[in-house]
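Keeping their order, the protein sequence lines are chains A, B, C, D, E and F.
Each position in the first sequence, counted from 1, maps to that position plus 4 in this note's numbering.
Each position in the second sequence, counted from 1, maps to that position plus 4 in this note's numbering.
Each position in the third sequence, counted from 1, maps to that position plus 4 in this note's numbering.
Each position in the fourth sequence, counted from 1, maps to that position plus 4 in this note's numbering.
Each position in the fifth sequence, counted from 1, maps to that position plus 4 in this note's numbering.
Each position in the sixth sequence, counted from 1, maps to that position plus 4 in this note's numbering.
Treat the hints as calculated values from the structure; they're not laboratory data.
A hint or two may mislead.
The list treats identical chains as interchangeable, and a pair is accepted whether it falls inside one copy or across any two copies.
20 Å max Cα-Cα, derived EDC-like pairs, lysine to aspartate or glutamate [stated by the list, open to error]: (1) LYS227 to ASP190; (2) LYS227 to GLU158; (3) LYS236 to ASP153; (4) LYS6 to GLU69; (5) LYS223 to ASP35; (6) LYS227 to ASP35; (7) LYS223 to GLU71; (8) LYS236 to GLU155.
There are 6 protein chains.
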Amino acid sequence: MKIKVINPNVTLSMTDKIGAAARMVAAAGTDIIAVSPRNGPVSIEGHYDEALSVVGILDEIRTGESEGIDAYVIACFGDPGLLAARELATGPVIGIAEAAMHTASLLATGFSVVTTLERSCIIAEHLTHTYGMAKFCRGVHGSNVAVLDLEEAEYDSYRIILDSCRHALTADRSGAIVIGCAGMTDLCARLQDELGVPVIDGVTVAVKWAEALVAIGLKTSKKGDLAPPIPKPFIGDLARFGH
Amino acid sequence: MKIKVINPNVTLSMTDKIGAAARMVAAAGTDIIAVSPRNGPVSIEGHYDEALSVVGILDEIRTGESEGIDAYVIACFGDPGLLAARELATGPVIGIAEAAMHTASLLATGFSVVTTLERSCIIAEHLTHTYGMAKFCRGVHGSNVAVLDLEEAEYDSYRIILDSCRHALTADRSGAIVIGCAGMTDLCARLQDELGVPVIDGVTVAVKWAEALVAIGLKTSKKGDLAPPIPKPFIGDLARFGH
Amino acid sequence: MKIKVINPNVTLSMTDKIGAAARMVAAAGTDIIAVSPRNGPVSIEGHYDEALSVVGILDEIRTGESEGIDAYVIACFGDPGLLAARELATGPVIGIAEAAMHTASLLATGFSVVTTLERSCIIAEHLTHTYGMAKFCRGVHGSNVAVLDLEEAEYDSYRIILDSCRHALTADRSGAIVIGCAGMTDLCARLQDELGVPVIDGVTVAVKWAEALVAIGLKTSKKGDLAPPIPKPFIGDLARFGH
Amino acid sequence: MKIKVINPNVTLSMTDKIGAAARMVAAAGTDIIAVSPRNGPVSIEGHYDEALSVVGILDEIRTGESEGIDAYVIACFGDPGLLAARELATGPVIGIAEAAMHTASLLATGFSVVTTLERSCIIAEHLTHTYGMAKFCRGVHGSNVAVLDLEEAEYDSYRIILDSCRHALTADRSGAIVIGCAGMTDLCARLQDELGVPVIDGVTVAVKWAEALVAIGLKTSKKGDLAPPIPKPFIGDLARFGH
Amino acid sequence: MKIKVINPNVTLSMTDKIGAAARMVAAAGTDIIAVSPRNGPVSIEGHYDEALSVVGILDEIRTGESEGIDAYVIACFGDPGLLAARELATGPVIGIAEAAMHTASLLATGFSVVTTLERSCIIAEHLTHTYGMAKFCRGVHGSNVAVLDLEEAEYDSYRIILDSCRHALTADRSGAIVIGCAGMTDLCARLQDELGVPVIDGVTVAVKWAEALVAIGLKTSKKGDLAPPIPKPFIGDLARFGH
Amino acid sequence: MKIKVINPNVTLSMTDKIGAAARMVAAAGTDIIAVSPRNGPVSIEGHYDEALSVVGILDEIRTGESEGIDAYVIACFGDPGLLAARELATGPVIGIAEAAMHTASLLATGFSVVTTLERSCIIAEHLTHTYGMAKFCRGVHGSNVAVLDLEEAEYDSYRIILDSCRHALTADRSGAIVIGCAGMTDLCARLQDELGVPVIDGVTVAVKWAEALVAIGLKTSKKGDLAPPIPKPFIGDLARFGH
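Can you build the whole structure from these sequences, using the hints too?
Following this line, the structure appears as structure tokens:
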């Protein structure tokens with residue numbers, strides 16, 4: 005089974021980290037293809053970055069369909085382009101925020117999200133409504149770590165995020181942490197050990213959930229709004245998306 | 005890995021069917037232990053049946069904890085006793101309605117539930133609110149098949165349920181079907197083929213999700229209300245539940 | 005008129021206290037039958053305790069139906085087994101959390117719940133959603149008094165709860181207190197005097213509401229999901245619940 | 005105990021009917037004072053009628069406070085002026101829509117409202133949100149009976165309303181009827197007998213609930229927004245409301 | 005085009021201030037008629053004041069209809085009598101809370117309301133639900149300035165309100181301020197300059213929105229519940245409202 | 005004042021029609037710049053088309069900022085890229101679905117949306133939640149007219165849409181129509197005349213609302229998540245979006 009994990013930003017060190025995390029949990033027969041698009045921002049920290057990252061995501065889905073990909077994971081906590089990607093894809097497409105939040109709701113009656121910059125918090129808050137998870141999410145917290153700071157070895161992002169998690173668990177009276185950035189995937193095991201509560205990384209749960217759906221034979225519904233896009237011309241730089 | 009799949013009613017033919025469905029999708033190293041409690045109703049068709057089935061479920065979780073069970077699936081569409089079971093369990097506990105509804109929300113922007121008796125519909129409707137899935141669930145439909153009719157070979161429950169599904173997809177403008185009874189697990193593949201939309205059976209998706217969580221190392225949060233029950237005496241028939 | 009007030013835990017001193025509170029407000033012709041089940045925990049402090057207490061509650065409803073009971077009150081703030089009980093009962097069945105929350109919404113535009121352990125708070129929070137009272141409930145507060153501490157004369161639970169109430173009224177900008185445990189019923193009048201706001205005890209309001217419904221001739225609907233349970237066999241310890 | 009039942013329209017035959025219904029269920033020591041204001045419309049069938057009826061209601065509360073009234077019932081299904089009345093009143097003030105809807109939610113998991121003109125339906129729908137009852141109310145139905153037609157002996161409003169109820173129970177898959185007009189109070193017993201489900205009349209349940217609150221010693225909260233109106237001048241026709 | 009701006013309290017200095025603010029933003033051809041009713045309270049600070057102010061508002065709408073008014077603005081932050089006014093009016097009727105909240109939701113993903121007395125906060129909170137704005141409103145704050153204090157030159161209400169706004173922006177993590185009283189309209193420009201975020205005054209946005217609707221030819225729907233009031237007698241002081 | 009109206013599809017006949025509609029209602033001093041991006045699909049009929057159209061929208065906002073644009077209107081009923089556009093823009097950015105839905109909620113207590121293909125309905129349904137308008141929107145109806153059919157003179161889209169509107173008003177018990185496609189802007193006046201209810205076209209109301217905000221001096225909040233995008237490199241085709 006082939007699962008394509010799309011890091012929608014173009015920072016390859018992060019893509020590698022995400023791919024490694026995915027491979028760590030993947031089943032024996034699962035082939036993890038971790039990619040970054042050829043277009044897009046070096047990090048995603050707002051509505052604008054996110055909206056533009058969708059082009060690259062859809063490029064990757066488009067090529068994925070001819071590569072025999074069985075399922076896709078969108079590895080950015082804003083889950084950009086999720087429904088658009090589902091129109092293109094035959095198999096399941098899972099966002100990491102979606103996967104993490106749903107999973108958290110099974111492990112605790114309330115969870116907290118700890119993410120990067122405070123300005124990204126609203127994106128996670130909106131997603132809690134989009135996914136029906138608002139009732140379970142007791143707070144969204146910015147740790148004021150920029151996304152690319154997570155890639156700096158000398159920067160002690162672990163300590164800052166740990167503190168944010170501790171604060172969140174107490175302030176929110178919550179029982180689990182959802183980690184709000186794909187770039188934090190390597191910190192989760194350590195955070196979970198130190199905090200003593202489930203710390204949920206969307207990358208790993210999305211990969212496993214994707215595996216599960218493929219194993220069962222479940223695909224994206226092609227009845228209704230997730231049917232393949234209606235064929236039509238696109239012009240300019242985007243011409244490749246039409247036909 | 006050991007996953008205990010608890011059919012909370014005491015009809016063993018149904019337990020066997022559920023166990024078979026679970027084993028069909030389980031990964032190589034997964035041991036499926038499909039059980040019915042020693043106490044309880046022959047079928048679960050209402051609030052009363054469901055409430056009483058919780059005793060047997062908790063018995064199975066209690067013994068499961070000393071049997072090295074890694075995760076539990078509660079295989080009745082009302083997900084009886086879910087939070088109580090999570091207090092007892094170390095590993096994850098997943099309800100099949102929960103698993104099916106969450107999964108459906110990834111495969112279509114709207115799903116319909118098709119269940120057994122009309123009087124059970126309200127239980128599914130309540131669960132859509134409990135799980136935050138109300139926005140995705142566009143309708144809950146009773147097919148007027150009694151649970152134990154599903155065990156009767158000569159009874160053409162397949163045809164009746166197929167018709168209910170067809171009606172639901174059109175009336176609800178939905179893109180996927182959630183099958184609202186563990187006893188219908190054997191009908192799903194055929195329904196999916198004939199309907200051409202995802203038909204989601206909670207048993208299989210719950211088993212795979214449980215496998216996924218165990219693989220990642222995620223367990224039930226023991227901070228807060230899902231911590232182990234506070235030790236205290238129980239009296240009468242229930243004395244075994246105290247200490 | 006006969007009203008059966010069921011304390012679902014088996015601590016008889018609490019049952020007596022609840023019975024006394026009920027009798028204090030009951031009308032002249034009302035016969036209050038305050039009982040504890042023969043099965044169950046000594047106190048209810050979580051999902052597990054609550055789920056198991058339902059067996060005893062249903063026993064009491066079952067026998068109640070042959071004793072000519074007109075209405076039932078479930079005197080535990082989690083309202084365990086409410087819908088199951090309603091299937092069995094001919095007359096109304098009222099939970100004390102339900103009665104207290106609905107009543108509070110008539111006396112103030114916002115109320116606070118003050119309950120026992122913090123781990124029980126989520127149960128009250130869930131009930132605010134179940135009953136549509138989330139908009140009125142501005143906060144749920146654990147006072148960290150264990151249920152059975154309320155039975156200890158030397159333990160100054162009054163002072164602790166008073167402080168919790170004071171904090172709640174200010175922090176929540178609320179106008180009334182809902183007392184979140186049947187075991188606190190004897191403290192309410194004193195709290196109300198000292199706080200100068202309505203302090204609502206579910207036991208007394210449930211009893212009076214039950215009286216009211218009986219007086220008017222209103223009973224539990226037997227159309228739909230609250231119709232009598234479908235007759236079927238139960239096995240094991242629970243065989244008495246089938247037929 | 006004195007309960008003032010305010011029919012906010014000025015049709016005295018309706019006031020008499022409402023008073024009679026109230027007295028029928030009132031306890032021995034309860035004095036029912038059924039009144040219509042000196043100002044206002046002959047019937048209330050829309051936002052405009054309702055808004056203007058509040059003047060008369062507040063007049064009745066104002067005088068009630070000097071008459072030793074213990075509790076008030078506002079006997080119009082739109083519950084006009086409820087919060088304003090609560091500022092003025094020391095004791096509880098209950099609206100009949102509020103009382104009926106809350107009560108219905110105890111007797112069935114879903115109810116239907118059957119009211120007079122279709123244009124009034126939105127008022128009931130808004131109230132289901134105001135009171136948190138939207139989840140229980142499965143439909144609001146206009147029977148196209150004008151309010152004053154209910155006062156015409158020769159007009160067969162009973163038959164029309166019965167048909168509306170029958171339709172509502174089936175179409176909504178509901179288990180109880182809330183009668184959406186104080187002028188239908190005399191039809192309820194007959195409807196309940198014929199329909200075989202609880203038919204809830206707000207007048208009677210509000211009166212009994214008011215009695216209950218007074219018996220327990222619960223009053224309107226005077227902390228916060230329901231405190232007595234801030235003294236200030238009013239001018240013109242309304243000068244009597246200031247001081 | 006004629007827009008009638010109704011200050012529902014009878015304090016003419018406030019009416020003048022509101023009229024001036026309206027004229028400042030009105031287009032060249034727009035005639036602003038700023039009025040206070042002949043009846044009503046000197047300020048509106050609670051449910052009671054608000055409910056009674058509706059009489060004067062409806063008087064002004066009634067006369068407005070014979071004066072060729074094209075649209076109305078109700079210039080009190082509680083938006084009293086909005087739906088009743090819409091039944092009477094042919095053109096649009098806009099409340100200032102409504103206009104301000106909707107507008108704020110276009111300029112920021114979250115806003116805070118800063119109003120006068122704390123007891124008025126609940127009115128704004130209720131309106132956020134009425135208008136669907138609860139998701140955007142991250143907090144409602146009382147500044148403890150009484151409405152008429154805003155008319156006292158020597159009283160430094162500006163400073164107090166500025167502090168409330170500053171606190172709200174931080175505590176609520178919001179991006180805009182909605183000013184919760186028509187009497188603060190003259191403070192908004194200065195607040196906006198000093199705070200560096202949009203400060204939205206309902207008076208000006210309501211006037212401009214009203215102009216916009218008239219320019220486009222949009223009027224209040226006369227299909228359904230906002231159709232003209234059903235003609236009927238009113239008695240007493242209110243007789244002028246019937247026919 | 006300069007308002008840029010962005011038709012996010014690249015069909016210029018539609019852009020012209022939208023520009024004409026905007027100019028028809030614009031005030032004397034308003035300069036309407038109606039544009040289509042250089043990139044993108046010929047029509048927008050699904051999540052995929054919509055997601056990709058955002059690139060062109062952001063191009064237009066980017067250039068608009070150096071052209072002295074005061075406000076922007078996004079003239080596609082899915083309001084693509086709204087929050088991303090707001091990060092870039094100094095002035096207000098308004099979506100036509102947003103403008104139309106908010107406006108409809110002022111003119112009727114319930115509205116219906118009539119749009120093009122049935123597969124687009126879910127997009128409008130999601131927006132009713134995004135904007136808090138779900139409570140006002142009583143139904144979303146696909147008329148099965150493709151977007152580009154609206155540009156075909158010989159195709160009788162008017163008749164088909166009129167029928168959809170008629171059906172919607174009755175089935176939904178609504179009082180106004182929101183037209184769910186910018187390409188229908190030229191049909192609205194005729195529909196409104198024939199239907200006798202407000203028919204709201206997002207293009208015109210968005211333009212007027214934009215004018216209003218500019219006139220008052222209200223701009224997009226730059227505190228929080230709508231602050232200018234954090235400067236960072238973009239690679240590939242999208243490099244122009246970074247710096």
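Comparing the hints with the structure gives:
Neither within a single protomer nor between protomers do LYS227 and ASP190 lie at most 20 Å apart by alpha-carbon distance, with minima of 38 Å and 23 Å respectively. For the homomeric pair LYS227 and GLU158, neither the shortest alpha-carbon distance inside one copy (50 Å) nor that between copies (30 Å) is at most 20 Å. With identical chains, the CA atoms of LYS236 and ASP153 are at most 20 Å apart between copies only, with a shortest distance of 13 Å across copies and 42 Å within one. Taking the shortest Cα distances, LYS6 and GLU69 sit within 20 Å of each other inside one copy (11 Å), while across copies they are farther apart (35 Å).
Taking identical chains as interchangeable, the C-alpha atoms of LYS223 and ASP35 lie at most 20 Å apart only when both belong to the same chain, with a minimum of 18 Å there against 26 Å between chains. In this assembly of identical chains, LYS227 and ASP35 lie within 20 Å of each other by CA distance neither inside one copy nor across copies; the values are 29 Å within and 36 Å between. Taking CA atoms no more than 20 Å apart as the test, LYS223 paired with GLU71 passes inside one copy only; the shortest distance there is 16 Å, against 35 Å between copies. Taking identical chains as interchangeable, the C-alpha atoms of LYS236 and GLU155 lie at most 20 Å apart only when they sit on different chains, with a minimum of 15 Å there against 41 Å within one chain.
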